[in-house]
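Let's have the full structure, built from the sequences with the hints guiding it.
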Amino acid sequence: MSHLDQATRDGVKRALREQRIETPSWAYANSGTRFKVFAQQGVPRDPYEKIADAAVVHRLTGVAPTVALHIPWDRVDDYADLAKYASDQGVALGAINSNVFQDDDYKLGSVTNPDPRVRRKAIDHLLECVGIMDATGSRDLKLWFSDGTNYPGQDDIRARQDRLAEALSEVYGRLGGEQRMLLEYKLFEPAFYTTDVPDWGTAYAHCLELGPRAQVVIDTGHHAPGTNIEFIVAFLLRQGRLGAFDFNSRFYADDDLMVGSADPFQLFRIMHEIVRADALRPEYGIAFMLDQCHNIEPKIPAIIRSVMNVQEATAKALLVDGTALAAAQRAGDVLGANAVLMDAYAADVRPLLAELRADLGLDPDPIAAYRRSGYLEKITAERVGGQQAGWGA
0 MSHLDQATRD
10 GVKRALREQR
20 IETPSWAYAN
30 SGTRFKVFAQ
40 QGVPRDPYEK
50 IADAAVVHRL
60 TGVAPTVALH
70 IPWDRVDDYA
80 DLAKYASDQG
90 VALGAINSNV
100 FQDDDYKLGS
110 VTNPDPRVRR
120 KAIDHLLECV
130 GIMDATGSRD
140 LKLWFSDGTN
150 YPGQDDIRAR
160 QDRLAEALSE
170 VYGRLGGEQR
180 MLLEYKLFEP
190 AFYTTDVPDW
200 GTAYAHCLEL
210 GPRAQVVIDT
220 GHHAPGTNIE
230 FIVAFLLRQG
240 RLGAFDFNSR
250 FYADDDLMVG
260 SADPFQLFRI
270 MHEIVRADAL
280 RPEYGIAFML
290 DQCHNIEPKI
300 PAIIRSVMNV
310 QEATAKALLV
320 DGTALAAAQR
330 AGDVLGANAV
340 LMDAYAADVR
350 PLLAELRADL
360 GLDPDPIAAY
370 RRSGYLEKIT
380 AERVGGQQAG
390 WGA
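If you're matching positions, the sequence shown starts at 0 in numbering that gives the first Met the number 0 and goes up one per residue.
By construction, these hints were calculated from the structure, which means they are not laboratory data. Treat each hint with caution, since some may be false.
[Claimed, not checked] Heads up, simulated DSBU-like pairs for lysine-lysine below, C-alpha to C-alpha not over 30 angstroms straight-line:
| id | residue 1 | residue 2 |
| --- | --- | --- |
| 1 | K83 | K377 |
| 2 | K35 | K377 |
| 3 | K106 | K35 |
| 4 | K106 | K120 |
Note that this is a predicted model, so its numbers are computed, not measured.
Below is the structure:
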């Protein structure tokens, strides 16, 4: 990094200083695979303690000022009070994530279920989530549907799309002010024959029907092996429909591993498209969220490490020489263009990020700072008894 001129260093640090990464409340709780969830000491027992942990991550990294909620996992009696507590802790409440996949009623689907009673129940929950957004000041409603079928002939595929469109339209009509709907997609699981929102094209088509405040969410673990995710990023950026990321990492399917752990080069390529479109700035509107399950690793350090992985990939993307890349592309210089990207990816940006944190009055090494803080020992002692937050498997 020493070879960089000061103007480049300052430009990269300026962009990184504006970066915002949202952490998920459920990642602080006990969560994991469908096989087993391994409990850990000091895990939050309620949404307030999740927010307290998220605030620690923000204080140590300086770039994680919001925490996403999941309803009903984070249901409380007074959401305005929860929002005030978050503010007192130095963070804010982010996206509200709905849950229409855990009740027995949803065995055959939620908003696409052939039973109108079940569809009504699911839609009412989504409307409840918009009401929670009103109370918390949250901008984004994030929707993921496990709806689908396991067998040919089980249900009418087109009719399920009609039901989905009707439900989304009703909820979209309830949004107010600057509120947005973020529609997530997933290739498969738990349905194995058809999934009602299986890919970005399906999500994009429904968003187009709804209006400009309906945007697509890219979960980096929700694709077939070999899928070129950065192409999807580039296309949705071009169409103005990329609303958010759920950052995680995968080896086989929806592994929900720490972002950048399986394929850090992919994360760099994704962030290169974001930087190229000048879409990194918060005012552009993309919510960069983590969506991870920390089952065998300690939760708070894992989230800090994930935030740092996103920062490192972003820093490398900011180092791409755009002028040299464009010149090589115009000249048809295949190897030259690739070399520009690879030079940026090969850069060790850790000293630059340490320098940035020092400039912000933070410890250059957030993980080491957490270990020294005594916070784990504190919450381990304080959070004895009660029911740990999490979902069973």
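Q: Compare the distance between the alpha carbons of K106 and K35 with 30 angstroms, and conclude whether the hinted pair is satisfied.
A: With Cα atoms ~21 angstroms apart, K106 and K35 stay inside 30 angstroms; holds.
Q. K106 and K120: Cα distance at most 30 angstroms?
A. 13 angstroms, holds
Q: Could you grab the alpha-carbon distance between K83 and K377 and see if it respects the 30 angstroms cut-off?
A: OK: K83 and K377 at ~23 angstroms, within 30 angstroms.
Q) Under the criterion that the straight-line Cα-Cα distance not exceed 30 angstroms, is the pair K35, K377 satisfied? A) 27 angstroms, holds
Hint compliance for this structure: no hint is broken.
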